[in-house]
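Residue numbers (this note's numbering), protein chains in the order written: chain A, 82 to 210; chain B, 82 to 210; chain C, 82 to 210.
These are calculated hints, taken from the structure and not from any lab test. Just so you know, not all the hints are guaranteed correct.
Same chains, same label: a pair holds when it works inside one copy or across any pair of copies.
Stated by the list, open to error - DMTMM-like cross-link-like pairs, simulated, lysine to aspartate or glutamate; straight-line CA separation at most 20 Å: (1) K114 <-> D85; (2) K114 <-> E148; (3) K114 <-> E202; (4) K114 <-> E126.
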Amino acid sequence: MQGDAHIENLTTTIHDLVTHSNITNGTLTLFIKHTTAAVMIIEDEPGIRADTRAFWNQVVPANPQWEHNTRNPGEDNGHSHLRGQLQSPSITIPLMQGKLTLGTWQQIVVIDFDTRARTRELVVQIMGE
Amino acid sequence: MQGDAHIENLTTTIHDLVTHSNITNGTLTLFIKHTTAAVMIIEDEPGIRADTRAFWNQVVPANPQWEHNTRNPGEDNGHSHLRGQLQSPSITIPLMQGKLTLGTWQQIVVIDFDTRARTRELVVQIMGE
Amino acid sequence: MQGDAHIENLTTTIHDLVTHSNITNGTLTLFIKHTTAAVMIIEDEPGIRADTRAFWNQVVPANPQWEHNTRNPGEDNGHSHLRGQLQSPSITIPLMQGKLTLGTWQQIVVIDFDTRARTRELVVQIMGE
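The whole structure should be built from the sequences, with the hints applied where relevant.
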C-alpha cells in the first residue's frame, strides 16, 4: 500500500469472505499486523478521505523531532506510529443471518499512515456457527 | 437521538440483555450502524459529559470548510464523521459468570456526533456458552 | 501501576496465557476495568513511549479547568478520563494455530493515564477451540 494516510476500501472483499465462510451468526475480527496502519469504518467518499488526511496532518503532524525519529537513525515515521496506535489495528463487526451488520453508509477501509509504500498483511477472522 | 455529542447511557439495558441471554462465558460486541456516532465506555457524570463535548469541539471543530461539506451540497457534518470514525462504532466486552466484566466506574454509552437528531440502530451481539 | 501515561508491556505474559489455554483458533479480548487507563498495540521502544506521552500532553493536557475537576472536589484527572475513553479499554486480537497474529513489531501494552499510582485489573478472555 501507498503510505501518507492512503485509504484502501476492502468492503467487497470482506463481504465475499463472509459469504463463503457459511457462518450465519458470529463476529468478524479484522486485525492489521502493523504498527503504522489501522482498520477503520467510514463513509468512503472523496471528501471524507481528504478530511481524514487533513485531520491527521493537523493533530499528529509529521515532524523530524518526534523521539522515534531522533533516537532511531533513518526513521521518519514517528507520526505514523502515533496515528496507527490511536486509530487501532483491530475492529470487530457482528455477523447476523450470514451478513455483516454494517449500516448503509459504513465501509471497511485500511488506512496506511507510513511514509513510504509497504506490503501490508490483514488478518480476517470469522467466528461463529 | 439528539446530535451534537449527545450521550445516552445504555448500561442498564445492556446488563438486562446479558442476564436474559443465559450466556455465562463469552463476549458482548456492541456495534452502532452509523458513521457519525460511536460506542464508548466512560465514567458517566456531568463533568465528563461536558469535557467530552469540549474536547471534540477543540480537536475536531465543526467547520463549513471540511471537504465532506464543500463537496456534498447540503452536508454540514464533516466533523461528525471524523469524530465517529476515530472514537469507533464498535466495542467488545468480556462476559464472565453471566456478567459483563465492567469495572466499578465503567458505563456503556452511545455518543451521537451528528448535527441533528436521528434514529440510531445499535447491534448487540452476545456470543459464548 | 504508576500514572502519567506510564506504559507496561504485557506481551510475554499474554503469550504465555495463550499457550497454556490450548486454544488453537479464536480470539483474545483484553479489557481493562478502569476509565483512566487503556490497552494499546505499539512498537514498544523508548522513542515511541516518549512520543506517546508528548502527544497526549499536547492534545489532552492536564488542566484544573476540566469540568470533571471543577465539579468534583478533590478530582484532578479529567484529562486522564478523556485520554482513556478515546484510546479505549478494549482490544481484540485473532488467535490462529495456537498463536496471537501479532506482527513483528506489535507489542501489547497497558497505558495508565491517571495522576497517581493505582492497582489495575485487566481481563484476559480467550475464546475459540
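Evaluation of the provided hints:
Taking the shortest alpha-carbon separations for K114 and D85, only the intra-copy value of 18 Å comes in at or below 20 Å, while the best inter-copy value is 28 Å. For the identical chains of this complex, K114 and E148 are neighbours neither inside a copy (23 Å) nor across copies (31 Å), given an alpha-carbon limit of 20 Å. Taking identical chains as interchangeable, the C-alpha atoms of K114 and E202 lie at most 20 Å apart only when both belong to the same chain, with a minimum of 6 Å there against 26 Å between chains. With identical chains, the CA atoms of K114 and E126 are at most 20 Å apart between copies only, with a shortest distance of 17 Å across copies and 26 Å within one.
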